[in-house]
Amino acid sequence: MLRKAQQLFGLALATFAPVLVAQESASEGSQQVLNMPVGVTTVANQVYDLHMLIFWICVIIGVIVFGAMFWAMYFHRKSVGHQAEHWHESLKAEITWTVIPFVILIGMAIPSTTTLKELYDTSEADLDVRVTGYQWRWQYAYPETGVTFLSELVTSQDQIYNLDEKGQFYLQEVNNPLVVPVDQKVRLLITAQDVIHSWWVPDFSVKKDAIPGYITETWFQVDEPGIYRGSCTELCGQGHAFMPIVVHAVEQEEFDSWMADKQAEAEALAALTSQTFTLDDLMARGAEVYARTCAACHQAGGQGIPPAFPALNGSSVVLGPVDGQLDVLINGVSGTAMQAFGALLNEVDLAAVITYTRNAWTNNTGDVVQPIDVFNYAQGQ
Amino acid sequence: MAHGPAKGISRWLFTTNHKDIGTLYLWFSFAMFILGGFFAMVIRAELFEPGMQLVRPEFFNQMTTMHGLVMVFGAIMPAFVGLANWLIPMMIGAPDMALPRMNNLSFWILPPAFLMLAATLFTDAGGPNFGWTFYAPLSTTYAPDTVNYFIFAIHIMGASSIMGSINIVATVLNMRAPGMTLMKMPLFVWTWLITAFLLIAVMPVLAGAVTMMLMDINFGTAFFDAAGGGDPVLFQHIFWFFGHPEVYIMILPAFGVISEIIPTFSRKPLFGYSSMVYATASIAFLSFIVWAHHMFTVGMPVGGELYFMYATMLIAVPTGVKVFNWISTMFKGAISYETPMLFAIAFVILFTLGGFTGLMLSIAPSDIQYHDTYFVVAHFHYVMVAGAVFSMSAAVYYWLPKWTGRMYSEAMGKLHFWVSFIGFNITFFPQHFLGLAGMPRRYADYALQFADWNMVSSIGAFIYGASQLLFLYNVIATIRSGKRVSEPKVWEGANGLEWTLPSPPPYHTFSTPPEVK
Amino acid sequence: MSSEHSSYYVPEQSRLPILMAASLGMFAFGAGHWVRVGMPAFFLLGIVGIIATMFLWFNTVIRENMQGLPSAQLKRSYVWGMSWFIFSEVMFFACFFGALFYIRNLAVPWLGGEGHAATTEEFLWPGFEATWPLLHTPDQAVNGEAAQFLGAHESMSFPGWSNLLHWLPLWNTVILLSSSVTVHFAHHALKHGERAKFNFFLAVTVALGATFMGLQVLEYYEAYTHMGLTLKSGVYGTTFFMLTGFHGAHVTMGTIFLLIQLVRSFKGHFTNDDHFGFEAASWYWHFVDVVWVMLFFFVYIL
Ligand code: HEA
Ligand code: HEA
Ligand code: CUA
Ligand SMILES: [Cu+2]
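Here the protein sequences come in this chain order: A, B and C.
Taking my numbering, the leading residue of the first sequence gets 1, the next gets one more, and so forth.
Taking my numbering, the leading residue of the second sequence gets 382, the next gets one more, and so forth.
Taking my numbering, the leading residue of the third sequence gets 899, the next gets one more, and so forth.
Hints may contain errors.
In the DSSO-like style, the derived pairs of lysine-lysine whose C-alpha atoms are separated by at most 30 Å in a straight line are [to be verified]:
no.	chain 1	residue 1	chain 2	residue 2
1	B	Lys565	A	Lys92
2	B	Lys388	A	Lys78
3	B	Lys795	A	Lys78
4	A	Lys92	A	Lys78
5	A	Lys92	B	Lys713
6	B	Lys565	A	Lys78
7	B	Lys864	A	Lys78
8	B	Lys713	B	Lys870
Derived Cβ-Cβ restraints for the label pairs, each shown as a range [to be verified]:
no.	chain 1	residue 1	chain 2	residue 2	range
9	A	Ala311	B	Phe600	24 to 34 Å
10	C	Thr1150	B	Pro386	37 to 47 Å
11	B	Tyr659	A	Tyr74	29 to 39 Å
What the hints contain is simulated information worked out from the structure, not anything from laboratory work.
Keep in mind it's a predicted model, so treat the numbers as computed, not measured.
Even for Gly, the Cβ is constructed at its ideal location relative to N, Cα and C.
Based on the provided sequences and hints, a complete structural model is requested.
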């Protein structure tokens, strides 16, 4: 199927051969960028086949329709002295070309219906994952184990602004991918915190909108272990193109050990919270967090993009009392892209990034904010 | 002055003449087309290669949004209203539009509205950045505060469309010359009658939608806020209840134009006139009950999903009837290929391609994969650029000799056609591949595997864009120095009342109504 | 006259539309400016312009009418125009009724975990009960008193037979329905050239319209002061005020519209068979009336 399709698309391409020559040489990646991926789940395969089926039906109809048209265009030209006839009614014809398409459509509707029912059957899942969209990052949570983490773009702003060589997975790489076991039916419970996002992984043929205040459900079951990449497909503001999705499908035991590690990590973090760090440690960790989580809006140099995204360099909040800044970071600023990061980052990262902003660029306050301070502030509320 | 136009600017400001107002509409819409196209050029230039080069993502979103808004509300709709103004009275043998003063009003409220809309781009909060579909809550709670100007601009555009449509309906139903029965009307008049009905029906719904936004933003209501018991998806239902008929509002008049041109250059009467009328009517009817095919991924109950899929697929049937009838009209005719005919034929081919992709999109399970990718972008540019815009070019070349009494240069016309045709396909055909391969729309930047096709598409876009300058040149050259046409019937194959009038027609057409047998 | 030999009156050039366009532009910009930076000056300027132009415009049309310029055909154009305008108004209200039905029958139940949305209630709005009228918002279910949307403690719905007579909407219904009857009598009277009777019934209609508005204002006052029912109290307040509010606005316009006809009648305008101004106003009035009946059922009773 796929091969056939590509040949046909190839034909279509012949129409702009000149451009093609230019671009074939450009890179060899191009051949794959023609058709829908076949997919790695049974549902995805079904969807692919459906797609190709409808495609071919349209091709055939097109050949017939345009065939007739080109015939007329060639043989019934005035320039070859063809005389116009004058008939302009035929009930028979009208009825035929009303009925035939209708029948064809019924033919299309039947497989579509069964596949759609498949896609919607979220019953008896083996594993639930809660997916929450934020401007502009995804949060994944496993209700059973309580493991929760953020998944954020790691492509550097430098790569995006062409100051640095673009990596192989430019805009398709994240710090913490979603990890799922193979051969298990995974049910996603999708929602959003701010605006509507949409969670799409082409290889699973899963695309569901994340709607604030409502949970939409979908599911997939991967057969092959592997790394699968997707994107946010509902316009959600300036970071829309910068909140990719990466899914690791792994064997069950690998999944279990990963889950165990994650839980351990969480405990370790809790321990860290009570620890005190040196300014340098915090600055180092803060720099990472800042680059990942803050730079997209407030910019690497802290100059922001006023008025939507205020500058942090020399900002009164950052240079002002620590509690003020804690409040903004932990509770967010409603109605703006500034989230309540209290729910998104752990105390250590919060402490680190606050310390960083208070000492980076020209903000040389020398303040050190420890995780415990963050913790206490949060408790104090 | 009674029998000729007034002198100077006052002619245009105070006019009640359908031809003057038609001209105003046409030039305004072309200006908007240039503006919207310019935004498109910014989009294509930014997408020329991966990485951010020219603009910031925030501004890119404003470009995408303004491009969609300006093209839909500023270029296509006024263009067809302009055609209607020029042609309908001449085609049905009326002295003018039914309500001439309101006619002037419905044009002149447009420029302020678009001025206000475009001006928001220069405020420091920026212009609308939430897509031409302005989904809540991105367009409410999270919108720049200039959204308020956007809201009232939309209100004004809606008012303009409603007044324009009321005028057209009143004209068609009430001003036909004696003997011009409904079933004798040219198909262009029919398609506009039905379009006007669609407009009057859905524009108020759009007004309702933006009013709800206004309330949610400024007065604490909860239409689109779950915390108060509302639902963001409600916005999408309301928007698309307007939005889907809207897309047919942009194509039905085009169908009308094509149904005038193809018979003329095939020298053969339009095949299946009455079934064309019924097909148009059923397309209009269906357009009211299919809206949620734009929302297959919002998590509707599966029943609703299935219903909207079936209903949407049905539209292929009446549309097919139209396509088949056009082809039958050409069949066994004596076809010649002047510029209008070239555009008309390109319309039939490319619109049908766009229709096919539309049909693919209507299949809910596979739309899961297509939705909000460049496959959709390709679909609607095939139906709207190769549909609406090509039909406008065809219409202009077809009636320009009638309007101005001067003939355009066939060679230049053909050049414009071929450059547009090739440029268009280079721009938008590759976008099918991009979409299928997984490139989402409204992306300011994209992964490396999409680089090649985006570059191709951008090059095509510049070619197509440049070809529009050619169009502008042709029109002006014709008006200023085109070779004069003497006879009323410019095209030998043409028939219809407008061709019984001298070219250019007198300032006041049919002040005494003609007899139609 | 551009049309001595024309059956159809095509007016000369006119300055009215461009004035109106300018006013409307100013109005729109002013409105946006007002809600954005809280400065109503431009808005008011626009309003003044619109009213002034309308006044001039109607004067012109009426004058032309008195001169008998418009043919029967032009009058038919007016009839079509008015009917289709009313149709557009119908669609505007349809939009808000549609929103009401969607919220009542789909959105709120889903938030309460019905149908396919069990997890929505479980994870996002634990403890939220879907009810209509919605007095306890999902927001309250989760955040209690800290909620942004605090539901009303009382709804406008049918209060039970016992205090039926203290129920304003009922009286409003009676008033508006009877006003529809009186306007019909007025029309009848006019057709039979009974001018005094016409003036009387028209006056009564206008009075009833005004009373209705009075009661509506009273009802809103009640809602805000005693029931805690405001625009901000979740979707119930939202739908209630938006639907009744827009209806109220239309009643006001209709009343003014009728009042103008009354004034004209005193000036001696209208004849038995030619009085479109009044007919248009009365159609509009009947339309407003029908909308109210819908409101009465779907907003107040059910
Ligand atoms: C002029 C405007 C126009 C027209 C005419 C159409 C025509 C159609 N459109 Fe399109 N559409 C848009 C403008 C238009 N569309 C726009 C602007 C969007 C995007 C909005 C946004 O999100 O920004 C969109 C998006 C859109 C979607 C949503 C995609 C998504 O976001 O996921 C869908 C889904 O069903 C759809 C379907 C259709 C269908 C079935 C038709 C049918 O009318 C096509 C019918 C025609 C044919 C089928 C070809 C001729 C028929 C035959 C030759 C007969 C035989 C054929 C068969 C039996 C197959 N369109
Ligand atoms: C009928 C309406 C219409 C028309 C005519 C067009 C015309 C064009 N559109 Fe389209 N477009 C839409 C309606 C339309 N569009 C809509 C509704 C959307 C969705 C918006 C959204 O997602 O919210 C969209 C979105 C859209 C996108 C996707 C943006 C995104 O998802 O981020 C792209 C990208 O390529 C695009 C490109 C183009 C191009 C290249 C043209 C060309 O045809 C334009 C050609 C015209 C000109 C270029 C102007 C004339 C010439 C000049 C100005 C001289 C200067 C020229 C040069 C410098 C070469 N459009
Ligand atoms: Cu998140 Cu787009
Ligand atoms: Cu649609």
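Kindly confirm whether 29 to 39 Å is satisfied by the beta carbon distance between tyrosine 659 of chain B and tyrosine 74 of chain A.
holds, 31 Å
- Is lysine 864 of chain B close enough to lysine 78 of chain A, meaning Cα to Cα at most 30 Å? Distance of about 24 Å is within 30 Å: holds.
Does lysine 78 of chain A sit within 30 Å of lysine 388 of chain B, going by the straight-line distance between their CA atoms? Measuring from Cα to Cα gives roughly 45 Å; hence the hint is violated.
query = Do the alpha carbons of lysine 713 of chain B and lysine 870 of chain B lie within 30 Å of each other, as the hint requires?
reply = holds, 23 Å
Keeping to a limit of 30 Å between CA atoms, is the pair of lysine 565 of chain B and lysine 92 of chain A held or broken?
With Cα atoms ~22 Å apart, lysine 565 of chain B and lysine 92 of chain A stay inside 30 Å; holds.
**Prompt:** Given the hinted pair lysine 92 of chain A and lysine 713 of chain B, is their alpha-carbon gap at most 30 Å?
**Reply:** holds, 18 Å
- Task: May I ask you to test the hint 37 to 47 Å on the CB atoms belonging to threonine 1150 of chain C and proline 386 of chain B?
- Result: holds, 41 Å
Between the alpha carbons of lysine 92 of chain A and lysine 78 of chain A, is the straight-line distance 30 Å or under?
holds, 28 Å
Pair hint outcome, lysine 795 of chain B versus lysine 78 of chain A [Cα-Cα no greater than 30 Å] = holds, 18 Å
Outcome for the supplied range 24 to 34 Å, where the beta carbon pair is alanine 311 of chain A and phenylalanine 600 of chain B: holds, 32 Å
Sort out whether lysine 78 of chain A lies within 30 Å of lysine 565 of chain B, counting only the CA atoms.
holds, 28 Å
When the structure is compared with the earlier hints, a violation turns up for hint 2 alone.
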